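Engineer: Letter by letter, the chains look like this.
There are 2 protein chains.
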Amino acid sequence: MIAWKNLSELASFEKVKECKKVCLKEVMSGENGAERVKNYCVPMAGGLAYNFAAKAVDDDILAALAALAKEAQLNEKYEALYNGEMINTGEKRLVLHQLTRGQQGNAVVADGVDKRAFYVEQQEKIAAFAEKVHSGEIANEKGEKFTQAVQIGIGGSDLGPRAMYIALENWAKKTGHFKMEAKFISNVDPDDAAGVLNGVDAAHAVFILVSKSGTTLETLTNESFVKDALTKAGLDPSKHMIAVTSETSPLAKSADYLAAFFMDDYIGGRYSSTSAVGGAVLSLAFGSDVFAEFLDGAAEADATAKETDICKNPSMLDALIGVYERNVLGYPATAVLPYSQALSRFPAHLQQLDMESNGKSVNRYGEPVDYPTGPVIFGEPGTNGQHSFYQLLHQGTNIVPLQFVGFRKSQLGTDVVIQGSTSQQKLGANVAAQIVAFACGKDDEDRNKYFDGGRPSSIIIGEQLTPKSLGALLAHFENKVMFQGFLWNLNSFDQEGVQLGKVLAKRVLAHETDGALAVYSELLGI
Amino acid sequence: MIAWKNLSELASFEKVKECKKVCLKEVMSGENGAERVKNYCVPMAGGLAYNFAAKAVDDDILAALAALAKEAQLNEKYEALYNGEMINTGEKRLVLHQLTRGQQGNAVVADGVDKRAFYVEQQEKIAAFAEKVHSGEIANEKGEKFTQAVQIGIGGSDLGPRAMYIALENWAKKTGHFKMEAKFISNVDPDDAAGVLNGVDAAHAVFILVSKSGTTLETLTNESFVKDALTKAGLDPSKHMIAVTSETSPLAKSADYLAAFFMDDYIGGRYSSTSAVGGAVLSLAFGSDVFAEFLDGAAEADATAKETDICKNPSMLDALIGVYERNVLGYPATAVLPYSQALSRFPAHLQQLDMESNGKSVNRYGEPVDYPTGPVIFGEPGTNGQHSFYQLLHQGTNIVPLQFVGFRKSQLGTDVVIQGSTSQQKLGANVAAQIVAFACGKDDEDRNKYFDGGRPSSIIIGEQLTPKSLGALLAHFENKVMFQGFLWNLNSFDQEGVQLGKVLAKRVLAHETDGALAVYSELLGI
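As they're listed, the protein sequences go chains A and B.
Under our numbering, the final residue of the first sequence carries the number 526; numbering is consecutive throughout.
Under our numbering, the final residue of the second sequence carries the number 1526; numbering is consecutive throughout.
Treat the hints as calculated values from the structure; they're not laboratory data.
Treat the hints loosely; a few may be bogus.
[Said to hold, decoys possible] Here are the simulated distance ranges between beta carbons:
1) A:Asn32 with B:Asp1059: 55 to 63 Å
2) B:Asn1198 with A:Ala255: 35 to 43 Å
3) A:Glu463 with B:Asn1198: 17 to 25 Å
4) B:Lys1038 with A:Ala255: 48 to 56 Å
[As the list claims (entries may be wrong)] To give an idea of the interface, some chain B residues facing chain A are shown, with a C-beta separation under 7 Å as derived from the structure:
5) Gly1033
6) Ile1166
7) Asn1170
8) Lys1183
9) Thr1231
10) Glu1307
11) Thr1308
12) Asp1309
13) Gly1359
14) Ser1361
15) Tyr1390
16) Ala1429
17) Ala1433
18) Gly1497
19) Val1519
20) Gly1525
Every value quoted in this text rests on a predicted model; they were computed, and no experiment measured them.
Backbone N, C-alpha and C define an ideal beta-carbon position, used for all residues, glycine too.
From just these sequences and the hints, can you work out the full model?
Structural biologist: Take a look at the structure:
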């Protein structure tokens, strides 16, 4: 029987708090440090590894965290989720994004449908559609091949798919999987749509309208923007647009689209990269086989998340260490620092995934919690960040835990040797150096050049960023966020915090304002 | 006589702490709220306005902050800076980036040179060079016009110029100022250079190598990468490259470059967008007149920063309110949220500017300070962020102060009317709505839909993002960061925190490692 309890109600959490703190500088020094880096390393899906040697934990703390995982019933709650219990209690919805990439437990039937079969069907429909676009069977009005895909969506319909596209673009070009360039329109700022359209060959572009409800104002506005532009260019919008939406949405059966592919209410936007939301654009860009490999990586990570031993379950371990840093050590933010230019927008996706899921003050029963929940998430790729905000990370007055990601091989394989090393080696050397610099610091009589160390990080290391390792990386963080939501006793799958702004914005547009809102509206020329 | 004192030594800071706190929800409600929005608004340079009605301050707190500004001698310190005193005491350097765009005080002579004249000379040399490139007088080996500019730089040589280029690209296209597309290579990840080069027509590209010292490893590596690619394409690199560097650097008088333009040690990387570092790429992309207008906006902001009345000095006021939020209210992070897609990379630039300048734990004498200094800075453009991390900003357990930016007009002017309003109106309506939602919250019996409000923000409002308003916006934040550095008694112009990582990375590449570092290096395949 699952008990949904607040973190502060768990006896094992008290034990975690009582554990002796680890002096990172000390444990990471000398040969003990070397042993630690070898031992505090957990295999992940997709050939990745989660190395947490530079986190401020030791075997005692890990044992206490394992007890916390048990008391918080993380395995049982995860099992309930993938077996189709109503985990999103606020919106009274199942949470089924994992079914888009595999079957972890029992068949889940909802609305009279086997949901796994439904998601597979959508994936297959997309694959068939993409194949026809690539072969030219589906073409523009003149029978010419489409050469570009443009996704119109915002939030989860934009950040994840965009980050995944950028992550695989160069890999696909190198390996012969690149089929079509993709571009993205998201912001209601008219300069976004107009600017992107300036770089699009509209006559040869297929536009992917993504909105689960079919009512997202920004997305519908940008759709009209695009339709206008197509019409003005003498093109028929219905020959250039497809929809990704829910079956009950107004977009689902419209003649305005070449085709429609479906998701449903059981997949939150920020968890939708492995559904049709990511599937359409990624299958068009790279082919459906690449998308299938990406799903395999994610499914493998989902399976790993079932492990009961936290040292075999990297996403659970990552979640527990994160809660330790947030609720015991009191750190307010976490930086995500991929040493991979291909992951340049991965931090922006994680920022949504994490902050929208767990940036909440009430538990799943709607009662205020008395502990900090989700941290601020931010990041940029290394080495760029090193020449930017790392100053604060090294010597600022707050400690910010760090999540590094690094690969042994580049995607394109083009490289140069300068001063005896390749660029890829320099990249790897830098991330290794940073971990040790943050953990161990450096003494110096000149306090300006003194580094106190004790700044914790973990690193996920892989051979190369491929569709499979990318899928595993994505699902690792989805599952980490899920486990943290369980620990904090939050509903990680709704987002009521975004509603108030929408309501007030509508009021402004209807000129139904008074007080401060009326004056701001005037200042902004509305 | 200037006294450099810690914030905690200032009697006026004690008074600030003693001020009665403001209940934002209360003061922003009803007609009082409307009055507040009208009154708490300060004109800025470039036609912008700084509206701080939704900050948790009142006339008492403002008076206390004005007294703090006086005791901390903010005006005198700024005057010392622009008159050429050695403000960067750690590196024993003057701080002269403001001279690149105007003369705020006395002539500054350093190294036997009038520095203002020197910067103007560089600007003129760049203008003449850009003119010749645009006219075709300077052309490739075959006498064909250059059509692309590719900047090679990292940190301050990348983030600022890149953000400014993106900010003006669409404006320039609309107004007929667009001369050449610009691209940027920064990361030592070989996939960055290789990926960018895949999209570059190398035969018609001019590459801008930017490194003050001429020794930045990432940049020199990427230069070699580019030279390799040019040579392999049968092109002569020396006919395709220019350098922006200091006169004493190895790049300064090399035959490897078509031309060299100079900056010097008195301009920190993160303050260099208005120097030759931004000047070369922006003048090539948009013409030197556009760059000159951008400088005018910045100079106007620098002049405004001289005001002694904090209600006429928006950057000083912004700085004081930020210190109040950080050191009295205890908020650890600040989000920068431009409602302008053109400013999509402006938060990344501010992240460097702020976190690298003030992310420090020792004062300008190298003594540890006993108060928090620079916060974590992050952000993405609205409305995108609304569908992402705003959930945490509205309902998370930490309060994050917000810096909005909004404009009444779009840059491209293309728009559509949907549901009775244009996209630009929707954009403005959203930012107005967000400010009020954050400040005032909303009661609801369902705690899940309850917003406690009291979340402070300010907004900078302008007519349109143009070269001039962009320059003013940039300099506003540079000056804000400078004033905060004065308040915290930091040296905001060095960055010793980035050194340790460089040293350790070199050790890895030389295989001179042991302990943890050796194992990490092995795991990363070095």
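Engineer: Each of the hints needs a verdict: does it hold here or not?
Structural biologist: Hint by hint, here is what the structure shows:
1. Take A:Asn32 and B:Asp1059: their Cβ atoms lie about 59 Å apart, and the range 55 to 63 Å holds.
2. The hinted window of 35 to 43 Å between B:Asn1198 and A:Ala255 holds, with their beta carbons roughly 39 Å apart.
3. Between A:Glu463 and B:Asn1198 the C-beta distance comes to about 23 Å, which sits within the given range of 17 to 25 Å.
4. For the hinted restraint 48 to 56 Å between B:Lys1038 and A:Ala255, the CB-CB distance of approximately 50 Å keeps it satisfied.
5. Satisfaction of the interface hint for B:Gly1033 is found here, the shortest Cβ-Cβ separation to chain A being roughly 4 Å, below the 7 Å cut-off.
6. Because the closest C-beta pair between B:Ile1166 and chain A is about 10 Å apart, greater than 7 Å, the hint is violated.
7. Given hint, B:Asn1170 at the interface with chain A, holds; its Cβ is 5 Å from that chain's nearest Cβ, closer than 7 Å.
8. Proximity of B:Lys1183 to chain A is violated relative to the hint, the smallest CB-CB distance being about 13 Å (cut-off 7 Å).
9. The criterion of a C-beta within 7 Å of any C-beta in chain A is not met by B:Thr1231, whose closest approach is roughly 11 Å, and the hint is violated.
10. The closest approach between the C-beta of B:Glu1307 and any C-beta of chain A is roughly 22 Å, which is over the 7 Å cut-off, so the hint fails.
11. The closest approach between the C-beta of B:Thr1308 and any C-beta of chain A is roughly 27 Å, which is over the 7 Å cut-off, so the hint fails.
12. The beta carbon of B:Asp1309 is not positioned within 7 Å of any beta carbon in chain A (closest approach about 22 Å), and the interface hint is therefore violated.
13. A hinted interface residue such as B:Gly1359 counts as satisfied when its beta carbon comes closer than 7 Å to some beta carbon of chain A; here the least separation is about 2 Å, so the hint holds.
14. Against a cut-off of 7 Å between C-beta atoms, the interface hint on B:Ser1361 holds, since the closest Cβ of chain A lies about 5 Å away.
15. Interface restraint check: B:Tyr1390 against chain A, minimum CB-CB distance 6 Å, threshold 7 Å, status holds.
16. The criterion of a C-beta within 7 Å of any C-beta in chain A is met by B:Ala1429, whose closest approach is roughly 4 Å, and the hint holds.
17. With a cut of 7 Å, the hint placing B:Ala1433 at the interface with chain A holds, because the nearest CB-to-CB distance is about 3 Å.
18. The restraint placing B:Gly1497 at the interface with chain A holds, with a minimum CB-CB distance near 4 Å, inside the 7 Å limit.
19. Among the interface hints, the one on B:Val1519 holds; its C-beta lies about 4 Å from the nearest C-beta in chain A, closer than the 7 Å criterion.
20. With its C-beta approaching chain A no nearer than about 3 Å, B:Gly1525 sits inside the 7 Å limit, and its interface hint holds.
Hints 6, 8, 9, 10, 11 and 12, counting from the list given before, are not met by this structure.
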